[in-house]
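**Q** From the two separate chains plus the hints, produce the assembled complex.
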Amino acid sequence: MKFSPEFETRFAEMLTHYPTKRSVLVPTLLYAQDEVGYLSDELIAELAKRLELTELDVRNVISYYSMLTTKPRGKYNVQVCTNIACMLRGGEELLDHCKKKLGIGHKGTTQDGLFSLEEVECIGACSWAPAIQVNYDFHENLTEEKLDKVLDEYKKKGTQ
Amino acid sequence: MADLVSHPDEIRVVSKRFGKGATNIDRYVELDGYKAVQKALAMQPDAIINEVKNSGLRGRGGAGFNTGMKWSFVPKQSPKPKYVLCNGDESEPGTCKDRLIFEHDPHSVIEGVMIAAIAVGSHTGYIYIRGEYRYLSVIMQKAIKDAYAKGYLGKNIFGSGYDLDIYWHGGAGAYEVGEESALMESLEGKRGIPRIRPPFPAVVGLWGGPTVINNAETLASVPHIILGGAEWYANIGTPKNGGTRLFCLAGNLEKPGVYELPMGYNLKKMIYDVGGGIPNGHELKAVVPGGSSTPVLLPEEIDVPMDFDSLMKAGSMLGSGGVVVLDDTNCIVKFALRTIKFYQHESCGWCIPCREGTDWLKKTLTRFHSGGGIKKDIDNIYYLSENMLGRTFCPLGDAAAMPTMAFVKKFRKEFEDHLEGRPCPFEKTGSVERLPVFA
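Respectively, the protein sequence lines represent chains G and S. Read left to right, the first sequence gives residues 867 to 1026 (my numbering). Read left to right, the second sequence gives residues 1337 to 1775 (my numbering).
Bound conformation, chain S alone (with noise of 0.2 Å):
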């Protein structure tokens, strides 16, 4: 469905497979495909999660954990039984990148959890995909169904003697449960409300039993570093970010598209070279480089490498890999409006400051963005915003304050153009609706 592009800098790994037809199981297999998991079957569960952890393989979904790590604090012994979970509920503003590794190589994820569940001793895993992606759903659920048909499922795997099931499950909207404690909720029949940590899934997850919870993109990393080794994988990103990563490259793009480019791989040249610039003759305004989630960068801070610290540094974050690009005929107020009325959508209500805390964001940015702003509401946006951080269960807050505060930061002089009934300097005439100015 969704069309593929190429780009001559782009390292395929996750994407090698696609369009090649790898969604059959037998050209799977022609395309190494389930030589991962044998090899894996021999190695000692420690030596998997050593090799995976070597390899600066970080989570895709956006925090960017080493997964290797996380891998190891499943406990050995466990009364309760151990589960691996695949991610799949792909929401994050920006980002579409997994649906392609879902439509063309659908193996790989499965294959990925075969992989993880053998490290840490699990005999079950679900692949969890959200309900818009009903094809996918379809297609994971005929490859499922394919691999058991082929005993690459279910009791004693390629004559190993280990058992190992996977089913598929899906969702039904909600942006939250792609967190991954609101998503053990919803997977076990519940509303997705997030958990407190600790403890954490990988010692207390789906019902009660220790589980490992990773996005589909990196699951379906995992094969290519069996196969090809840590070290391989490792040389291809920068120190401690290891491998490729498939950038969704959206916005004001002469390109827009999903790019697999390695580690470290420059947000400017990733915009003009990759991406094919911005295009009617129009300047860059600003970069969203990780998702919606991500503080947004200037045009003078995009000479950075695309990895998971050097963004840290330059105050934004690699997030999920949706890089959204703005030129300059955006109004700033209104994409900051736009953003936090997707994160009052999306907030569960659990916890009161993002509950409340998106509503008065929402509400606020509504009147100011319309032209009945006053001066304070600047200050009183970036003081919300602030109050949010870090007081909610899970990350839902942080993703909607992170984002507000540097609009507000770094684009305060077009907050103030919108002051005191002054219509969006970026609006046709006419089409913002005038409210009356608070005094």
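Here chain G stands alone, though its shape is the one from the complex (with noise of 0.2 Å):
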């Protein structure tokens, strides 16, 4: 299983922040879905085996964070947060709205596997609400406008 150099550089790095080399589990997950698109079982069998752990316990660490992933998803994963102050301002019509133009619903993926769609909980963006993140990236104070415009511009990015 081959992994990008600066994910080799990072994981070594890690391993000597810690006593044991258990503990790169949880931020090395993440980054390796990243690159992989999700926790593959050969992914997951790989990093088992580096960090001398069973599959299982890699997988019962996995179900457990609920970025983490065993099922590909869309090249964008946007996240419609829908918590307390996002609700006040309008978080769940943006997710309606997102499920209509998207045509998919909760942890569905379109057909030409662009976008994902994911209703989250508070993402940390609660006086900018409502807000999503579309993988890593925030977009707050939104409106339905707004939100249609940054939809497209993905979609314009992802199939050039």
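Careful, some of the hints might be misleading.
Restricting the straight-line Cα-Cα distance to at most 25 Å, the calculated cross-link-like pairs of lysine-lysine (BS3-like) are [as the list claims (entries may be wrong)]:
1) K1604(S) / K1576(S)
2) K1012(G) / K937(G)
3) K1746(S) / K1677(S)
4) K1012(G) / K941(G)
5) K1670(S) / K965(G)
6) K973(G) / K1698(S)
7) K941(G) / K868(G)
8) K937(G) / K1677(S)
9) K887(G) / K1416(S)
10) K1677(S) / K966(G)
11) K1416(S) / K965(G)
12) K941(G) / K1022(G)
13) K1526(S) / K1491(S)
14) K973(G) / K1699(S)
15) K1481(S) / K1412(S)
16) K1711(S) / K1670(S)
17) K1649(S) / K1389(S)
18) K967(G) / K941(G)
19) K1012(G) / K1591(S)
20) K965(G) / K1699(S)
21) K1481(S) / K915(G)
22) K966(G) / K1670(S)
23) K1352(S) / K1649(S)
24) K1677(S) / K973(G)
25) K1699(S) / K1712(S)
26) K1526(S) / K937(G)
27) K1481(S) / K887(G)
None of these hints come from the bench; they were simulated from the model.
**A** Encoded structure:
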């Protein structure tokens, strides 16, 4: 299993930060997922071997964290926050709008593999609500029109 | 990324360097950076702890425990290495303050961790940043690298003979991990399940070593206290509640944003003056004063100073500083449902009262809000919550129970309005799925 050189450098460096190998697991899983797109069986086996854990140990950790996924997702994962602060300023309406526009539901992926949609809990943008995150990028103080623009831009970027 | 706001009543301590390019280490040093840690290196560890204790600095994560006191619990001699862990897993709904600190002033957090480490005799610190904040993790990694390059971290810092390493760590999406013992589990590469206490982390923490765990805002306040002195800091706030706090104003407000105000600032003034009041001519209905886990306050209860003790007296909590304001177009039952839906999603499932309680509350409230509620449900919701209180390893169970109890107690009439097949009076017609009425 091949990862990028940056991944390998970071991985090797992080191993020196802790008294146990296992400690690098959570951030490493997320970085690995970013490279492959999801946590494949092969990837899990590889990390388990490197960290001297059983695959079950690794899967146990994966199932706990909401950002980790063992299923492929779209290139752009649209995460709409509908928690209290966003809800008060129209987060739920934004989610409905995304569902209609993308034609998919919660945790669904569009046929062209470009977008996934997810209803998420508080992303820490309460004072700039309603907000969404596309992969790691925040888009805040949104309206339906602004959201359309954001999604169109990603679509343009993704199909180029 | 996130917009900065300002108000004349603000006292800028933690936010002093916001928007001034302090992510650059040279700029940070220009703005009095890394002076406090050099001062701390010349002090006796006990003197540092006393200074922080006397400043009245209390944990900004929500519990409000005296920070200096917390540090003093760490044993002087320990056969195992001691650690300092900065909690940057900010995820309490309504809270978005640590994000600004990491974004604008990452070195202040590093410096805070350094001073804490020197005070308790630790040589290793970790800064844990939630997984969603990837761009902040990048900023922090660079900040740490820069500090090493300058010789501020590593062996023999500032020529003092003291060795100190600080590392970053990232999460992957879990509210529960913001709880200190679950945070340690996560850092050790496990599921974030809370540990039983005692022993407290100050005695048995990371890998069994004594560990100080503080919120990012708490640690970012520490350098300012060391430089400005305990007395100066304590005088900003109210008795036993020293200093300032980053309040995150959110919800139905004219000017939401993160404002740094002195502890004890009046909540009413915060909403109507600082936050600009309620937009579109609506009236105030309720305020959640410190993140979603704190009991709601009614409009007649908001003439209260925002500090830990005053809010406790008012029957709520100061919590994490997330002030969420609701106007009169909002349905409290729906708000309660959304709050519980969050806790049900985030419950780690370790303690049965929390796992089952949040699940039943979510189911009951969903049915109730859709018009399928019966009279008995109202008392049942209260009773279920009451039975979660204090019966779990970590405070997530309490965090779900306390606001729910307050919603039922203070808005019983509104719950009754939803009874017996009546659709939610606040929803547009047809938008609520009608469920059969249970008799």
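**Q** Which hint numbers does the structure go against, in order from smallest to largest?
**A** 2, 11, 13, 15, 21, 23
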